[in-house]
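K.L.:
Using the sequences and the hints, build the whole thing.
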Amino acid sequence: MLELRLVQGSLLKKVLESIKDLVNDANFDCSATGFSLQAMDSSHVALVALLLRSEGFEHYRCDRNISMGMNLGNMSKMLKCAGNDDIITIKADDGSDTGLCGFEEGFLIGDVVVEVLDQDKIADFEMKLMDIDSEHLGIPEAEYQAIVRMPSAEFARICKDLSSIGDTVVISVTKEGVKFSTQGDIGTANIVCRQNTTVDKPEEATVIEMQQPVSLTFALRYMNSFTKATPLSNTVTISLSTELPVVVEYKIAEMGYIRFYLAPKIEEDDEETKPQV
Amino acid sequence: MLELRLVQGSLLKKVLESIKDLVNDANFDCSATGFSLQAMDSSHVALVALLLRSEGFEHYRCDRNISMGMNLGNMSKMLKCAGNDDIITIKADDGSDTGLCGFEEGFLIGDVVVEVLDQDKIADFEMKLMDIDSEHLGIPEAEYQAIVRMPSAEFARICKDLSSIGDTVVISVTKEGVKFSTQGDIGTANIVCRQNTTVDKPEEATVIEMQQPVSLTFALRYMNSFTKATPLSNTVTISLSTELPVVVEYKIAEMGYIRFYLAPKIEEDDEETKPQV
Amino acid sequence: MLELRLVQGSLLKKVLESIKDLVNDANFDCSATGFSLQAMDSSHVALVALLLRSEGFEHYRCDRNISMGMNLGNMSKMLKCAGNDDIITIKADDGSDTGLCGFEEGFLIGDVVVEVLDQDKIADFEMKLMDIDSEHLGIPEAEYQAIVRMPSAEFARICKDLSSIGDTVVISVTKEGVKFSTQGDIGTANIVCRQNTTVDKPEEATVIEMQQPVSLTFALRYMNSFTKATPLSNTVTISLSTELPVVVEYKIAEMGYIRFYLAPKIEEDDEETKPQV
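Chains A, B and C, in that order, are what the protein sequence lines are.
Under my numbering, the residue at position 107 of the first sequence is numbered 107, and the numbers go up by one with no gaps.
Under my numbering, the residue at position 38 of the second sequence is numbered 38, and the numbers go up by one with no gaps.
Under my numbering, the residue at position 48 of the third sequence is numbered 48, and the numbers go up by one with no gaps.
Source of the hints: derived by calculation from the structure; they are not laboratory data.
Incorrect hints may appear among the rest.
If chains are identical, the list can't say which one is meant, so a pair holds when it fits in one copy or spans any two.
Heads up, simulated DMTMM-like pairs for lysine to aspartate or glutamate below, C-alpha to C-alpha not over 25 Å straight-line [as the list claims (entries may be wrong)]:
id, residue 1, residue 2
1, K160, D131
2, K228, E254
3, K265, D29
4, K121, E141
5, K251, D41
6, K121, D167
7, K265, E204
8, K179, D85
9, K121, E154
10, K201, E58
11, K160, E55
Predicted, not measured: the structure shown is a model, and the values here were computed from it.
P.N.:
If you want it as C-alpha cells, here you go:
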C-alpha cells in the first residue's frame with residue numbers, strides 16, 4: 001500500500017511540468033525514505049534526478065518499495081485538473097487482485113490514483129501504470145571546480161536570450177563572475193554576472209565557489225529545457241568540472257531537489273587554441 | 001421600425017461570443033416582448049434558445065414583429081468594435097424602400113445597424129441581413145428528475161479538465177452531490193461536487209433538487225461549447241431527466257436567459273448492465 | 001568612434017519593434033546631431049523616417065558621420081535581451097583594423113556592439129553590419145489641408161477594428177471631427193471622433209487643424225503596421241492633403257519622432273462622383 005498526501009499540491013504540478021518535455025515515460029520509485037525518479041531524456045544526452053523526501057509530505061505511507069512506470073505527459077494532464085490550492089493524494093495498491101476495481105474499493109497493482117481534495121469537491125483520477133525498463137545509474141559524489149549559485153529567473157532569462165542568437169552556450173567561471181557566451185549567424189553575445197553577495201534578499205545573490213577557473217560549452221536546447229524547473233525554486237546551483245557533466249540543481253524547499261545532468265560539448269573544450277568547427 | 005438600446009453593451013458581446021461557435025447563421029426574432037433566438041447547431045445535435053426581455057433594455061421599440069437573419073460570426077466581429085463600457089443601439093427599418101441608404105437617412109429591410117456610443121466617438125456598423133429558413137421548435141415545459149445549480153466557473157473548469165482525459169461525461173446526481181465522470185485511453189476521472197448551501201455568497205452554492213437519482217452521458221465537445229456562456233452568469237443550472245435532453249441554463253440578470261439543449265448518448269444509458277461499445 | 005548611451009533602454013526596443021515588420025534591412029545614419037533612419041518598406045509603398053536627436057541621449061559621441069546597415073529583425077532580437085530598465089550603449093568603431101576583435105579591445109568597421117548594463121550584469125552583443133544600398137529621399141516640408149491629433153491608442157483600436165470588416169479606410173476630416181470608414185463583404189462601418197479639447201489630460205484630446213475638408217483612402221494593412229509605434233507616444237498626429245502622402249507621426253519625448261508616409265489610393269480619391277472600382 002502506497003499513500004502520499006501533499007497539501008501544497010501545486011508543487012507536484014510544477015515537478016511534472018519541469019520534466020515532462022524532457023522525459024516521456026519514467027519510473028517513480030517509492031520507498032520508506034521518499035519518492036524519487038531518475039531518467040535519461042529520449043536522446044540519452046541529459047539525465048534528470050528527482051527526490052521528494054518522505055518528511056516533506058503531510059502523510060506518507062509506503063509499506064514496501066514499489067516502482068510506478070508512468071507516462072509523464074498523461075500524469076501532468078491529470079494533475080492539471082487540480083487547482084493550485086488543492087490537496088493531492090497519490091495512492092497505489094501492491095495487492096494481488098487482478099480485476100479492475102473502482103476507486104472506493106481498492107487499487108490494482110499497475111494503477112495509480114490521484115485524488116484531489118477541495119473544500120466541497122473531490123476528484124479522483126485513475127491512471128494505468130506502465131512497465132518501463134530502466135537501469136538506475138549510480139551518480140558518484142564529485143568535487144566540482146566551480147559552483148555558481150544565482151537567481152533561477154536570471155539564469156532562465158539568460159538561456160532564453162542567448163538561444164535567440166546561438167545554439168550553444170559557453171559558461172566560463174572566474175573569481176569575479178560567471179560569463180555566458182554564444183555565437184550565431186547574426187553575431188555574438190556575452191553576458192557577465194558578477195559575484196554579488198550584498199543584496200537585500202539572500203535569493204538574489206550570485207555566489208561563486210571556485211577551485212580553479214573553468215570554461216565549458218553546452219547545448220542551449222537542453223539548458224532551456226532545464227529552466228522549466230524555475231518555478232520550483234528562487235535559486236539555481238550550477239556545478240562545473242572539466243571532466244564531468246554539469247549539474248543544474250533546483251532545491252525543493254524542505255523536501256528535496258531536482259537535478260539535471262548534461263555532458264559538455266567536447267569540440268569546444270579549448271576554444272582558444274583549437275580551430276572552431 | 002426596430003430600435004433597441006443597451007447601456008451595458010458588453011452583455012450583447014458576451015451573448016454573441018457564447019453562441020457564435022455553435023451556430024453559424026440564425027434568425028433573431030424581435031417582438032414587443034423581447035429579442036429572442038432559437039437555433040440548432042450545424043450538426044443538428046444541440047439547440048440554443050436565447051431570450052432578452054424588452055424590460056431589460058434602456059430603450060426598446062419594435063413596431064411589428066421582425067425576424068433578422070444574421071451570420072453570427074460577422075455580427076460578433078462588429079460588436080467587438082464596441083468597448084465594454086460603450087452603449088450599443090441596434091436599428092432595423094421595416095420600410096419598403098429598396099435603395100441602399102446611408103446611416104443618417106434611414107434603413108433598409110434587410111439591413112441592421114449597430115450603433116456604438118462612446119463619449120466623443122460614434123460608430124455605426126451596417127450589416128446585410130440574410131434570409132434564413134428555420135422552423136421554430138416548440139419546447140414543452142417539462143418536469144426534470146434532477147436539477148443542479150452550481151457556480152458556472154466550476155462547471156466550465158470540470159468540463160475542460162475532463163475533456164483532456166475523455167470524450168464523454170457521465171453526469172450522475174444523488175441527494176449528496178453530482179458526479180462528473182469520464183474514461184479515456186490514459187485512465188479515468190471522477191469529480192464529485194457535494195451539495196453545499198452554507199457558503200459566504202449565494203452564487204457559490206451547489207444546490208440539488210432531486211426527484212430521483214439520474215445518470216446520463218453527454219459529449220464533452222458540446223458541454224465545453226456551452227460553457228462559453230460562463231461570462232454571462234455566476235451560476236449555471238443543469239436540468240436532467242432520463243427521457244429528455246439536458247438543459248444547461250445561464251440566467252442573464254434582469255433580462256432573460258440563454259439555454260442549451262443536448263440529447264444524452266443512448267448507448268451508455270445503462271452502463272452497469274450493457275456491454276460497453 | 002561612435003558611442004551612444006540611453007538610460008531608458010526600453011525606448012530603443014520600442015523603436016525597433018515599431019519598424020522591424022515594415023522594413024527588413026536599413027541604414028542607421030549617425031552624425032553629430034543625432035541618430036536617424038529612412039527606409040521604404042519591402043514593397044516600396046510606405047516610407048518610415050526616424051530621428052533621435054543627440055541631446056536626448058545620456059552620452060553621445062560621433063566623431064564622423066557613419067552609416068550602419070542592419071537587419072532590423074536581428075537588431076530587435078539582440079535588444080530583446082535587454083530588460084526594460086537596463087541601460088543600453090551602442091558602439092561602433094570607424095577604424096581601419098580588419099581583424100575581428102573582442103569586445104574589450106576595440107570594434108571593427110562593420111560591427112556594432114550593443115552593451116546592456118544592469119546593476120550586477122553586463123551584456124554585450126556584437127552584430128555584423130551590412131552594406132545596404134539606399135538612396136536618401138528628400139522629404140519637402142509641406143502645408144497640409146488637415147492635421148488631426150488624437151490619442152494613439154484610440155487610432156490603433158480604430159484601425160484594428162475596421163480591418164476586421166474591410167481592407168481600406170477612408171479618412172474624412174471636417175471641422176467637427178474625423179471619420180474613419182470602411183466597407184467589406186459583411187457590411188460597412190463608420191467611426192466618428194469628434195473634436196474634443198475639454199479633457200482631463202491633454203493627451204486625451206482630439207484636436208483638428210483644418211484648412212479645407214479632405215477625404216482620402218488608405219490600405220488598412222499599412223495603417224495597422226504603423227500603429228506598432230503606439231507604445232512610443234500617447235498621441236498620434238495624422239497630416240492629410242489631397243496631393244500628398246499622409247504622414248502618421250509619433251513623437252518620441254524630448255528626442256525626436258518616428259514618421260510613416262503612405263500614398264493615398266487614387267481610385268477612390270473622389271468617391272462622391274467617380275464610379276467605385
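K.L.:
For the identical chains here, do K265 and E204 meet the 25 Å Cα criterion within one copy, between copies, both, or neither?
P.N.:
Neither: 30 Å inside a copy, 56 Å across copies.
K.L.:
At most 25 Å between alpha carbons: which applies to K121 and E141, within, between, both or neither?
P.N.:
Neither. Shortest intra-copy (45 Å) and inter-copy (32 Å) distances fail the 25 Å Cα cut-off.
K.L.:
Please sort K251 with D41 into within, between, both or neither, judging by C-alpha distance up to 25 Å.
P.N.:
This pair counts as within: shortest intra-copy Cα distance 20 Å, inter-copy 50 Å.
K.L.:
Could you figure out if K228 and E254 sit no more than 25 Å apart (CA to CA) within one copy, between two copies, both or neither?
P.N.:
Cα proximity of K228 and E254: one copy only (20 Å, versus 41 Å across).
K.L.:
Classify it for me, K265 with D29: is the Cα-Cα distance of at most 25 Å met within a copy, between copies, both or neither?
P.N.:
For K265 and D29, neither the intra-copy (31 Å) nor the inter-copy (41 Å) Cα distance is at most 25 Å.
K.L.:
Should K121 paired with E154 be assigned to within, between, both, or neither, using CA atoms and 25 Å as the limit?
P.N.:
between (38 Å within a copy, 10 Å between copies)
K.L.:
Cα distance capped at 25 Å. Does K121 pair with D167 within a copy, between copies, both, or neither?
P.N.:
between (47 Å within a copy, 22 Å between copies)
K.L.:
How would you classify K160 and E55 at a CA-CA limit of 25 Å: within, between, both, or neither?
P.N.:
Cα proximity of K160 and E55: none, with 35 Å in one copy and 34 Å across.
K.L.:
Within a copy, between copies, both or neither: which one fits K201 and E58 at a CA-CA cutoff of 25 Å?
P.N.:
neither (29 Å within a copy, 31 Å between copies)
K.L.:
Is it within, between, both, or neither for K179 and D85, if the alpha carbons may be no more than 25 Å apart?
P.N.:
Classified as between: cross-chain Cα gap 21 Å, same-chain 39 Å, threshold 25 Å.
K.L.:
Measure nothing new, just compare the shortest in-copy and cross-copy C-alpha distances for K160 and D131 to 25 Å and report within, between, both or neither.
P.N.:
neither (36 Å within a copy, 29 Å between copies)
Hint check: violations occur at hints 1, 3, 4, 7, 10, 11; the rest are consistent with the structure.
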